[in-house]
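Throughout the sequence shown, residue numbering follows our numbering, covering 51 to 137 in sequence.
Careful: at least some of the hints might be erroneous.
[To be verified] Restricting the straight-line Cα-Cα distance to at most 35 Å, the calculated cross-link-like pairs of lysine-lysine (DSBU-like) are: (1) K131 with K59; (2) K62 with K120; (3) K106 with K79; (4) K135 with K59; (5) K114 with K94; (6) K106 with K55; (7) K66 with K55; (8) K62 with K75; (9) K62 with K83; (10) K126 with K66; (11) K77 with K67; (12) K59 with K114; (13) K77 with K62; (14) K66 with K135; (15) K120 with K94; (16) K131 with K75; (17) K106 with K120; (18) K106 with K94; (19) K94 with K131; (20) K75 with K55; (21) K77 with K55; (22) K92 with K79; (23) K106 with K135; (24) K92 with K75; (25) K114 with K66; (26) K119 with K135; (27) K83 with K66; (28) K72 with K59; (29) K62 with K126; (30) K131 with K72; (31) K59 with K120; (32) K120 with K135; (33) K94 with K119; (34) K120 with K77; (35) K72 with K83; (36) K59 with K94.
Rather than coming from a laboratory, the hints here were simulated on the basis of the structure.
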Amino acid sequence: MANIKSAKKRIKVIAKKTLRNKMVKSKTKTIVKQVQTAINNKDKATAQANLVPAIKAIDMACSKGIYHKKNASRQKSRLTKAVNKMA
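Let's have the full structure, built from the sequences with the hints guiding it.
The following block contains the structure:
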């Protein structure tokens, strides 16, 4: 355990940030999973409807620094390609 006051504060701050990051990442994964499920069920209308919120959630996570820019781009590209391939 830390003895220095600033180190104790850093532990608290890091715990808050970790929780916030975990919440955003979990929400993003849930939305992406909805799109994947729709794709697997061959439900094009639902997949297209869920694609926009999924892309928005990925962009939001990227802007907050939770996902790397290229990782976010790759995820969006793969999702979009999978939905477009259904046509």
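Tested hints:
1. K131 with K59: 45 Å, violated
2. K62 with K120: Between K62 and K120 the Cα gap is close to 30 Å, so the pair holds against 35 Å.
3. K106 with K79: Status holds; Cα separation ~12 Å.
4. K135 with K59: 50 Å, violated
5. K114 with K94: Cα-Cα ~30 Å, so holds.
6. K106 with K55: 39 Å, violated
7. K66 with K55: Cα-Cα ~17 Å, so holds.
8. K62 with K75: 20 Å, holds
9. K62 with K83: 32 Å, holds
10. K126 with K66: 28 Å, holds
11. K77 with K67: 16 Å, holds
12. K59 with K114: The hint holds at about 22 Å.
13. K77 with K62: Status holds; Cα separation ~23 Å.
14. K66 with K135: Status violated; Cα separation ~40 Å.
15. K120 with K94: 27 Å, holds
16. K131 with K75: Distance ~22 Å between K131 and K75 Cα, so the pair holds.
17. K106 with K120: 15 Å, holds
18. K106 with K94: Roughly 19 Å separates the two Cα atoms, so the pair holds.
19. K94 with K131: This hinted pair holds, its Cα atoms lying about 13 Å apart.
20. K75 with K55: Holds: K75 and K55 sit about 30 Å apart, inside 35 Å.
21. K77 with K55: Holds: K77 and K55 sit about 34 Å apart, inside 35 Å.
22. K92 with K79: 20 Å, holds
23. K106 with K135: 21 Å, holds
24. K92 with K75: 26 Å, holds
25. K114 with K66: 14 Å, holds
26. K119 with K135: Cα-Cα ~24 Å, so holds.
27. K83 with K66: 26 Å, holds
28. K72 with K59: Holds, at roughly 20 Å.
29. K62 with K126: Roughly 33 Å between the alpha carbons, so the hint for K62 and K126 holds.
30. K131 with K72: Roughly 27 Å between the alpha carbons, so the hint for K131 and K72 holds.
31. K59 with K120: 32 Å, holds
32. K120 with K135: Roughly 22 Å between the alpha carbons, so the hint for K120 and K135 holds.
33. K94 with K119: 27 Å, holds
34. K120 with K77: 20 Å, holds
35. K72 with K83: 16 Å, holds
36. K59 with K94: The given pair, whose Cα atoms are some 49 Å apart, is violated under the 35 Å limit.
Of the hints listed earlier, those the structure fails to meet are numbers 1, 4, 6, 14 and 36, in rising order.
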